[in-house]
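Participant: Given chain Y, put chain L in place with the hints provided.
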Amino acid sequence: EDKVVQSPLSLVVHEGDTVTLNCSYEVTNFRSLLWYKQEKKAPTFLFMLTSSGIEKKSGRLSSILDKKELFSILNITATQTGDSAIYLCAATGANTDKLIFGTGTRLQVFP
Amino acid sequence: DVKVTQSSRYLVKRTGEKVFLECVQDMDHENMFWYRQDPGLGLRLIYFSYDVKMKEKGDIPEGYSVSREKKERFSLILESASTNQTSMYLCASSIRQEAFFGQGTRLTVV
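Protein chains in written order, with the working numbering: chain Y, 1 to 111; chain L, 1 to 110.
Bound-form chain Y, shown alone (with noise of 0.2 Å):
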């Protein structure tokens, strides 16, 4: 059965820490990564990564995938309390664009 495991649940840091998500997935035929941030309404897209080693970068956030150990990354660096939200990773397999998520990473950042 196709599963995506996020690590940790939850995490409360302080402003200006770097924190990092973890991601890992079992897919028949993977074929994409994709991270979401979602506060209090929709999930938000930030990335999708389908090659190893190539981090993607947006701000302060960044990620990179790794299919040989089947896992991913998000770091957020100098965190802000904006960035408190629930992050979800999701994967695809070969010809579908179902979205196979984890539970999901609460994360809160205090002043």
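Treat the hints with care, since some could be wrong.
BS3-like mimics (lysine-lysine), calculated; alpha carbons at most 30 Å apart, straight line [to be verified]:
#	chain 1	residue 1	chain 2	residue 2
1	Y	Lys40	L	Lys71
2	Y	Lys56	L	Lys3
3	L	Lys57	Y	Lys3
4	Y	Lys56	L	Lys18
5	Y	Lys56	L	Lys55
6	L	Lys3	Y	Lys3
7	Y	Lys3	Y	Lys56
8	L	Lys55	L	Lys70
9	Y	Lys37	L	Lys57
10	L	Lys13	Y	Lys40
11	Y	Lys67	Y	Lys57
Negatives, chain Y to chain L, calculated, CB over 10 Å [as the list claims (entries may be wrong)]:
#	residue
12	Leu9
13	Gln108
14	Phe110
Hints were generated in silico from the structure; no laboratory data involved.
Here a beta-carbon is modelled for each residue, glycine too, at the ideal position from N, C-alpha and C.
Facilitator: Relative to chain Y, chain L alone:
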């Protein structure tokens, strides 16, 4: 700007009622999905659709059905609502694997 709209933000229904959750997207996407989100369980796929009148079961289809008569609209139906269907329901549409989500419907069944 892409848009996925769910008909209600909050709903309260009684046990045994038939419940309709509506979702409309304006991006001409072929793929549409219904998920439910519960604490500690993440997003779980209920049903998805790759085309008009086409549907496939997800991981937890029991107690639900769907309808897709038009490309832009994907409806989730709870035939006889039960308290264990109290949850946040998220609709999404996708193209090239990137999914766009609606704002969610928080359904409470009493």
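Participant: Output the numbers, in ascending order, of every earlier hint that fails for this structure.
Facilitator: 4, 5, 12
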